[in-house]
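Number of protein chains: 2
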Amino acid sequence: MNIVLLGSGNVATHLAKALKAKGEHVVQVYSPNLVNAKLLAGRIAAEAVNDLNAVKTDADLYIISVKDDAIESIAAGLKKVNGLVVHTSGTTDIQVLSAQVKHAGVFYPLQTFSKIKEVVFDRIPLCIEATDAGRLEILRQLAAKLSEQVYELGGEKRKVLHLAAVFACNFPNHLYALANQVLQQNGLDFEIIRPLIAETADKVMTNLPENVQTGPAVRNDESTINKHLSMLKDKPALQEIYQTLSNSIKLMPK
Amino acid sequence: MNIVLLGSGNVATHLAKALKAKGEHVVQVYSPNLVNAKLLAGRIAAEAVNDLNAVKTDADLYIISVKDDAIESIAAGLKKVNGLVVHTSGTTDIQVLSAQVKHAGVFYPLQTFSKIKEVVFDRIPLCIEATDAGRLEILRQLAAKLSEQVYELGGEKRKVLHLAAVFACNFPNHLYALANQVLQQNGLDFEIIRPLIAETADKVMTNLPENVQTGPAVRNDESTINKHLSMLKDKPALQEIYQTLSNSIKLMPK
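Which chain is which? The protein sequence lines are A and B, in order.
Going by UniProt numbering, the first residue of the first sequence is number 1, and it counts up by one from there.
Going by UniProt numbering, the first residue of the second sequence is number 1, and it counts up by one from there.
Just so you know, the hints here were simulated from the structure itself, not pulled from any lab data.
Each hint should be verified, as a subset may be incorrect.
If chains are identical, the list can't say which one is meant, so a pair holds when it fits in one copy or spans any two.
Unchecked claim - DSS-like, lysine-lysine: derived pairs with alpha carbons at most 30 angstroms apart:
1) Lys-67 <-> Lys-254
2) Lys-235 <-> Lys-145
3) Lys-250 <-> Lys-227
4) Lys-102 <-> Lys-79
5) Lys-254 <-> Lys-117
6) Lys-157 <-> Lys-233
7) Lys-235 <-> Lys-38
8) Lys-145 <-> Lys-20
9) Lys-157 <-> Lys-38
10) Lys-115 <-> Lys-102
11) Lys-22 <-> Lys-250
12) Lys-145 <-> Lys-102
13) Lys-22 <-> Lys-254
14) Lys-157 <-> Lys-250
15) Lys-227 <-> Lys-102
16) Lys-233 <-> Lys-250
17) Lys-157 <-> Lys-254
18) Lys-67 <-> Lys-233
19) Lys-67 <-> Lys-227
20) Lys-250 <-> Lys-115
21) Lys-117 <-> Lys-233
22) Lys-250 <-> Lys-117
23) Lys-233 <-> Lys-56
24) Lys-227 <-> Lys-157
25) Lys-250 <-> Lys-67
26) Lys-20 <-> Lys-250
27) Lys-254 <-> Lys-20
28) Lys-38 <-> Lys-254
29) Lys-22 <-> Lys-227
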């Protein structure tokens with residue numbers, strides 16, 4: 001299968017490397033920024049282009065992996081292609097593509113990607129969707145090459161998943177950052193708290209989070225909660241977060 | 001060293017097992033509830049007692065591992081002992097003990113403990129404090145047997161650490177639980193999001209969280225944020241959490 005990759009960000013980069021590792025042919029990398037296109041294309045021996053008119057029209061699969069609000073305009077530049085065009089977005093409707101191209105699909109990897117961190121693609125849940133059963137089968141086969149976890153999901157469920165991912169990934173990471181802020185301002189290193197973060201995630205690999213909640217809020221330990229709030233008296237933003245999340249923990253059914 | 005353990009909860013249970021595994025002699029387990037005392041004592045071949053007057057007075061070390069607000073009254077029951085009396089609390093001053101007993105200390109394991117999940121004690125940061133240098137050395141040697149990470153920390157820094165732990169552990173776990181709520185209500189299983197949780201924690205083992213933040217808020221992707229807020233329109237509590245944390249991410253220095 002000949003694949004054209006449109007995008008050069010975090011998702012595109014990790015996807016390109018995973019595709020190459022599985023022997024798939026990414027023939028072109030498109031990015032409006034030629035430097036970025038060349039950087040990624042160079043790593044997977046593909047051609048770099050920065051003009052949508054220079055994109056090959058005879059590829060089998062076009063993967064649009066760009067910011068959500070740029071998907072539509074790139075799809076509009078692929079009107080002539082016969083291959084399957086997919087995006088990798090959690091929140092964008094398949095119709096954004098199918099209004100522009102002949103065959104549309106979604107290829108959404110549910111993972112957090114940073115260029116500075118390698119990921120094991122085999123364990124990334126891949127959520128697929130397509131406008132017809134034949135194309136869905138193509139995506140299923142490709143997804144099964146890349147990962148052990150392939151989910152066929154409609155757009156509504158994919159959006160729910162993306163929302164849940166913000167709660168399960170983006171927000172926890174931000175809370176790690178706030179913890180680091182508190183530590184640094186008191187001359188303590190983030191290293192000291194890493195085992196706790198690892199164990200907190202590890203616990204929910206085999207348990208449901210509501211069954212392993214610990215801390216002052218779940219114990220209704222108002223004395224500790226009040227001590228913490230008073231330690232944060234010069235940080236009203238952190239105080240608000242502490243209060244909001246503690247209240248939410250208390251309201252959780254046990 | 002002969003050790004008396006006062007408490008039978010999550011921390012006491014994991015500590016008892018770790019002490020036994022390293023060949024330390026826990027000779028007694030005290031709990032006001034005899035059933036609980038016997039349950040834990042039976043696992044480590046110790047005597048179970050539910051009366052403070054029955055606690056041995058000639059042990060070397062007394063570890064009080066109970067809810068914070070119960071520490072003082074238990075310490076008051078140990079006035080006669082000559083051994084070192086420590087608590088395992090992140091937020092309780094050493095003075096709560098030293099006002100009651102001859103030799104006081106703190107032995108605070110920075111970890112989240114649930115009885116249903118085993119932990120590798122070797123990698124748990126142990127924070128120690130004592131009223132004199134000799135006792136501190138005793139704690140340091142014991143801590144070094146149990147863990148590779150021993151920190152000598154005064155009460156103020158220990159409290160900061162405990163506060164940071166709420167942000168790095170208790171709150172993220174609650175956010176996992178909210179993610180699960182969103183998934184379940186839409187017929188999706190928590191399993192699908194576990195690889196994302198694992199990777200989110202794994203990323204900060206070698207990076208600082210502020211350098212690997214992903215998601216709509218850090219991209220200032222208002223369109224996705226608004227879609228998510230509208231998906232939560234029937235859940236004002238989740239909407240508030242989403243809004244508060246997204247705003248906080250946007251305000252984070254990059």
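Okay, the hints, checked on the actual structure:
no.: 1; hint: Lys-67 <-> Lys-254; in the structure: between (39 angstroms within a copy, 19 angstroms between copies)
no.: 2; hint: Lys-235 <-> Lys-145; in the structure: neither (49 angstroms within a copy, 39 angstroms between copies)
no.: 3; hint: Lys-250 <-> Lys-227; in the structure: both (17 angstroms within a copy, 27 angstroms between copies)
no.: 4; hint: Lys-102 <-> Lys-79; in the structure: within (7 angstroms within a copy, 83 angstroms between copies)
no.: 5; hint: Lys-254 <-> Lys-117; in the structure: between (36 angstroms within a copy, 18 angstroms between copies)
no.: 6; hint: Lys-157 <-> Lys-233; in the structure: between (41 angstroms within a copy, 17 angstroms between copies)
no.: 7; hint: Lys-235 <-> Lys-38; in the structure: neither (45 angstroms within a copy, 45 angstroms between copies)
no.: 8; hint: Lys-145 <-> Lys-20; in the structure: within (11 angstroms within a copy, 47 angstroms between copies)
no.: 9; hint: Lys-157 <-> Lys-38; in the structure: neither (35 angstroms within a copy, 49 angstroms between copies)
no.: 10; hint: Lys-115 <-> Lys-102; in the structure: neither (32 angstroms within a copy, 56 angstroms between copies)
no.: 11; hint: Lys-22 <-> Lys-250; in the structure: neither (47 angstroms within a copy, 37 angstroms between copies)
no.: 12; hint: Lys-145 <-> Lys-102; in the structure: within (25 angstroms within a copy, 66 angstroms between copies)
no.: 13; hint: Lys-22 <-> Lys-254; in the structure: neither (45 angstroms within a copy, 35 angstroms between copies)
no.: 14; hint: Lys-157 <-> Lys-250; in the structure: both (28 angstroms within a copy, 27 angstroms between copies)
no.: 15; hint: Lys-227 <-> Lys-102; in the structure: between (61 angstroms within a copy, 27 angstroms between copies)
no.: 16; hint: Lys-233 <-> Lys-250; in the structure: both (22 angstroms within a copy, 21 angstroms between copies)
no.: 17; hint: Lys-157 <-> Lys-254; in the structure: within (26 angstroms within a copy, 32 angstroms between copies)
no.: 18; hint: Lys-67 <-> Lys-233; in the structure: between (38 angstroms within a copy, 25 angstroms between copies)
no.: 19; hint: Lys-67 <-> Lys-227; in the structure: between (43 angstroms within a copy, 15 angstroms between copies)
no.: 20; hint: Lys-250 <-> Lys-115; in the structure: between (38 angstroms within a copy, 21 angstroms between copies)
no.: 21; hint: Lys-117 <-> Lys-233; in the structure: neither (36 angstroms within a copy, 35 angstroms between copies)
no.: 22; hint: Lys-250 <-> Lys-117; in the structure: between (35 angstroms within a copy, 22 angstroms between copies)
no.: 23; hint: Lys-233 <-> Lys-56; in the structure: neither (59 angstroms within a copy, 43 angstroms between copies)
no.: 24; hint: Lys-227 <-> Lys-157; in the structure: between (41 angstroms within a copy, 14 angstroms between copies)
no.: 25; hint: Lys-250 <-> Lys-67; in the structure: between (37 angstroms within a copy, 17 angstroms between copies)
no.: 26; hint: Lys-20 <-> Lys-250; in the structure: neither (48 angstroms within a copy, 35 angstroms between copies)
no.: 27; hint: Lys-254 <-> Lys-20; in the structure: neither (47 angstroms within a copy, 32 angstroms between copies)
no.: 28; hint: Lys-38 <-> Lys-254; in the structure: between (53 angstroms within a copy, 26 angstroms between copies)
no.: 29; hint: Lys-22 <-> Lys-227; in the structure: neither (54 angstroms within a copy, 35 angstroms between copies)
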